[in-house]
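2 protein chains.
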Amino acid sequence: MQRIDIGLVGFGTVGSGVVKVLKSRGNLLKKKLGIRIHLKKICDTNLRRRRIVQVNPSLLTRDIRQILDDPQIKIVVELIGGIHPAKEFIIQALRNKKHVVTANKALLAECAEEIFEEARRNNVRVYFEASVGGGIPIIKSLRESLISNRLQKIYGIVNGTSNYILSQMAQENWDFRRALKVAHQKGYAEKRPSLDLKGIDSAHKLVILAALGFGRWVPLEKVYIEGITDVSLNDIRYAQESGYTIKLLAIAKCEAGELELRVQPTLIPREHLLSSVNGIYNAIYVSGDLVGEQVFYGEGAGRFPTASAVIGDIADLAYALKQEVPSAKPQLVYRINIRRIRKIEEIASRYYIRFMAIDRPGVLAKISGILGQHKISISSVSQKERKWARIVPIVMMTHEASERSLRLALRKIDRLESIRRKTVALRVEAL
Amino acid sequence: MQRIDIGLVGFGTVGSGVVKVLKSRGNLLKKKLGIRIHLKKICDTNLRRRRIVQVNPSLLTRDIRQILDDPQIKIVVELIGGIHPAKEFIIQALRNKKHVVTANKALLAECAEEIFEEARRNNVRVYFEASVGGGIPIIKSLRESLISNRLQKIYGIVNGTSNYILSQMAQENWDFRRALKVAHQKGYAEKRPSLDLKGIDSAHKLVILAALGFGRWVPLEKVYIEGITDVSLNDIRYAQESGYTIKLLAIAKCEAGELELRVQPTLIPREHLLSSVNGIYNAIYVSGDLVGEQVFYGEGAGRFPTASAVIGDIADLAYALKQEVPSAKPQLVYRINIRRIRKIEEIASRYYIRFMAIDRPGVLAKISGILGQHKISISSVSQKERKWARIVPIVMMTHEASERSLRLALRKIDRLESIRRKTVALRVEAL
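As you go down the protein sequences, you meet chains A and B in turn.
Under my numbering, the first residue of the first sequence carries the number 1, and numbering increases by one thereafter.
Under my numbering, the first residue of the second sequence carries the number 1, and numbering increases by one thereafter.
Okay, chain A solo, but in the shape it has when bound (with noise of 0.2 angstroms):
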């Protein structure tokens, strides 16, 4: 039986997971592949720490030029995450004409058009099913599966979490600092979560998802990005009693050749499917003209639904090394006709929005008088009985309006006197 040589780097949860299964399920990936997936080296710079795995010290290094100077390895595994040193070391893999299979979604958003192209010109691939959703076969499906569709929207809860935390917070009733407490127990929540629940990690997620869907990378930069910091327990309440539950998401729409990526709290209707994603669960809605709607959903990270992204990846490159020749996949970067990328103030939502106002006649009525100016209707209002210090949550719900204008309104409205904090607003996707 034909044997396919790997290496992996980055030996921490994700790796010795993959490690651990292509231990365990050799035979099964033998008689399914009808290959034998050889690991031949791990590289990483610690080699002491304990595992959940034990393999052979003569495996082990910590030089990865024992890996990437090797030319019996076919595929490299890159587990290490973080831009540098991962960047460089796929980059001389693809120079070596190694395939690549990475899990590594900010360096995929950061980097992408340079490392897809070092990989053109050395004619091997760069997989990457395990960056987006864990074990949820995403990539694959919007690349492969669905590649005859025009896709209009994407929404994706991908940040595990943030959305335990969102979820806790709604079916405990605890605040933000509380659910993050837990999270962090858990095992949820990294010791610096910063780049989780400021609508970071998501909105890497989202430029590979909308380089998939709309055939185009957009850089880091022009993707709006709020994350869910300042999600407050009442919100949650608020937007429960109307009907909603406030989600992180990832957004990507596209519509008249113009691309919108933005990651945001967003409410969205209660029996909605995505309404019922709780947890550190991910799930990722995707609208196309030929197959409607459809929703992909699973656990987005850890350390065996990673892990069995990454072995899909590499069977299906051992597959075509098998074959001699490295089957390709559809094209990412197809190049149709998305003429421009929106910017934030130009979108057009529903909103939420929650002043937090001296309780004194004629408030409510300067309010509506700068949401009237700048032509934003209001759909209800309600305002919520709060005795402590004379400072009153108005919760109001718009018709769809203009985010300028929007941002003009509140601008002027957070000056008035009687208005005590800064406001709320969170935009309602109906979906």
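Heads up, some of the hints might be wrong.
Note that the list lumps identical chains together, so a pair holds whenever it fits in one copy or between two copies.
Claimed, not checked - Here are the simulated DSSO-like cross-link-like pairs (lysine-lysine), alpha carbons at most 30 angstroms apart as the crow flies:
| # | residue 1 | residue 2 |
| --- | --- | --- |
| 1 | 31 | 222 |
| 2 | 31 | 74 |
| 3 | 20 | 153 |
| 4 | 186 | 366 |
| 5 | 40 | 343 |
Because the hints were derived from the structure by calculation, they are not lab data.
Add chain B to chain A, keeping to what the hints say.
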């Protein structure tokens, strides 16, 4: 640019969708694939019918040999459905070294081993993404993406007609006949819908899903099949009162080397994602030991969703052909250790049971006595007040019990003088 010639057999609803998409998306596919997919011939028995797409009359033929015997045609797309003559056409296409794309679930469920053996002998492929779940990429996901997983369970809502009827009954409070009538009017039910309503169509799809998930083609007659024709509006309501939704599920479970396959109306917890799958939508829930729980959701039928899946398969094959070697897919049948297929009597389940009994003292004692003799323990019971004829429904939920015992018990109970209709029992899945 390289050109791949394909032949289409069956110019009906899905066939005309495929033709239309190939026409309108030719450029998109060229950009993504680097190949021109050229529809060379369309065979159908009726060439006069009006269709949604106009084609050059020279493309059309009623003579299947113009496709099967044309050496230029590399891919045959079979969309006529049914066993004969689809089977003969496919076998002949394979013998003539043509790859085959089909949406024919009945044929695969009944003759898969013969067809795949013929394909293997001729070193060509049979792809069938459109056979389950319309445009949902479940076949590719199970076969390729989840390749390293050992699956535990598959639950599929895979028949749009049945799901439409059950959800309309639940949401609109309609009885079965009325829901079926509306389904007919909307084109969601065929003129003779018994394949759908009796669960046969779901069973066909279950056989395919189980082959992908468990590596074995189970003969259709080993699948236990119950349709939705006996589900009453009352059962739906009583289930709702206990927090359950009734869905027609195609279930495959693997436990201790034994495989269970069944299609049945099933009570599932209302909070579960599958409970929110309404109307003509399909969803497939999969649990694998690495990925955990996943759900794939989308439109399970219809012209364009199905065409999208067919074209995904064509694109996969066209790629492989571009490289002049047929790209393999992981083995479907890999014979992991499944010792046997369980019979329905051997399973264990929780049950929802509705008795229709004369409202007189002692009935409940008799029923529960018989259940007790058969070691069936009751978790809840409620007697629904119904005045007419003094026949009242008694609804019970049981703890886990053996199907064999339950059947014996119900046979005895149905012979009681006070029981006036056949007792309805539905299985409950905790998911």
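Each hint tested on the structure:
no. : hint      : verdict
1   : 31 x 222  : between (46 angstroms within a copy, 25 angstroms between copies)
2   : 31 x 74   : both (21 angstroms within a copy, 28 angstroms between copies)
3   : 20 x 153  : between (37 angstroms within a copy, 22 angstroms between copies)
4   : 186 x 366 : neither (46 angstroms within a copy, 50 angstroms between copies)
5   : 40 x 343  : neither (48 angstroms within a copy, 45 angstroms between copies)
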